[in-house]
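Asker: If you want the building blocks of each chain, they are given just below.
Number of protein chains: 2
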Amino acid sequence: MSKICGLTFDEYKQKVVDFHGTAAPGLFIGGYMVDLAVKELPKGEFYDVICESVKCLPDAIQILTPCSIGNGWLKIEKIGRFAMTFYNKYTGEGIRLYLDTDKLDKYPPIKEWFLKLTPKDQQDSEKLFASIEKAGSKIISVQKVKVSIPEQKKKKGGKVTLCSVCNESYPAKEGSDKCKVCSGEVKYYSEVK
Amino acid sequence: MSKICGLTFDEYKQKVVDFHGTAAPGLFIGGYMVDLAVKELPKGEFYDVICESVKCLPDAIQILTPCSIGNGWLKIEKIGRFAMTFYNKYTGEGIRLYLDTDKLDKYPPIKEWFLKLTPKDQQDSEKLFASIEKAGSKIISVQKVKVSIPEQKKKKGGKVTLCSVCNESYPAKEGSDKCKVCSGEVKYYSEVK
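Residue numbers (this note's numbering), protein chains in the order written: chain A, 1 to 193; chain B, 1 to 193.
Simulated from the structure, these hints should not be mistaken for lab results. Please note: incorrect hints may appear among the correct ones.
A pair counts as met if it fits within one copy or between any two copies, since identical chains are not told apart.
Said to hold, decoys possible - As a list, the in silico EDC-like pairs of lysine to aspartate or glutamate whose alpha-carbon atoms are at most 20 Å apart: (1) K144 x E45; (2) K180 x E112; (3) K116 x E126; (4) K13 x E174; (5) K187 x E93.
Given these sequences and hints, build the entire structure.
Answerer: Structure below.
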């Protein structure tokens, strides 16, 4: 059985449970994706990652690489595909890894789970995990890609300013004298008096 | 000196460096925010978190709580304020914690760093960290809030389908026969042949 970034399946499982709360199948396939990416990429180079799904997959990246949401080396594009792209943030050159549905016929439990062909309560979780471990990175395909850097870059801080309504600090570059909540652009809560 | 979710400043620092890569000041103030939230919230209840900044702060939450981007208990609203909201995902009831600029006058190094009053290379990092540790949660204010749940809920999976172009799986609920990349809605890379 192949390792996941140097970890056995069970060692990785422990890390998954610690960080993610449950041993979700997607994190294991994601683990093999990261493992494959690291093997395919030039050694000793830094890379950023874009994850195409917000579900499960980002945590495999956060567990196994130095990239996190908070340090900005991991970004999420809400595309909903089971895929991630590792790339050099200066040149944009990189590789995109995705779960290749053409390769799933040899692994029926993975196919059933991934394409939701069987209701969750009728799936055999033990068989699924055994199949994932057996498949390793054999169900993943790799594309050579170039990431559009201008789109992904405009990151760096810049000045901050105080909102004229709530008096909290927010990025001055937004141009308004109010933060996004006080201007009404984002509304996710109301204050309870 | 007050602890951060049971950890000493140095113990937490180690976790920050391991996960985030560097001991960024924002993660320490964020640590005291999480610590305060946990103390303020009803014991033994589950909560979800919304973080109002994508920079640094989400990692304090991921390090100190069971909430992660991949398990969905942590979400990010890109508002750019230094704030986070802990809430009950069924009722929406919760608390919002924010760095209160009105409380910064007693802590000049924090004020200078947070409002970017001094260029980064002229800031005294040692004084800044000592000030953060001294301030603890005294620079944080708490609001009682109600989070709009319908907006934040529509999470659960649903069917998946295969894109008619790339043949990768994506959420069927999107209605199109192409995924967001093949339909042109999201474009972050080009394939290198």
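Asker: Tell me, please, which holds for K116 and E126 at an alpha-carbon limit of 20 Å: within, between, both or neither?
Answerer: Cα proximity of K116 and E126: one copy only (17 Å, versus 53 Å across).
Asker: Within a copy, between copies, both or neither: where do K144 and E45 come within 20 Å Cα-Cα?
Answerer: within (16 Å within a copy, 46 Å between copies)
Asker: With identical chains treated as interchangeable, where does the CA-CA distance between K180 and E112 reach 20 Å or less: within a copy, between copies, both, or neither?
Answerer: Close neither inside one copy (43 Å) nor across copies (23 Å); limit 20 Å.
Asker: With identical chains treated as interchangeable, where does the CA-CA distance between K13 and E174 reach 20 Å or less: within a copy, between copies, both, or neither?
Answerer: neither (42 Å within a copy, 32 Å between copies)
Asker: Can you give me the call for K187 and E93, within, between, both or neither, at a CA distance of at most 20 Å?
Answerer: between (37 Å within a copy, 15 Å between copies)
Comparing the model with each numbered hint stated earlier shows that hints 2 and 4 do not hold.
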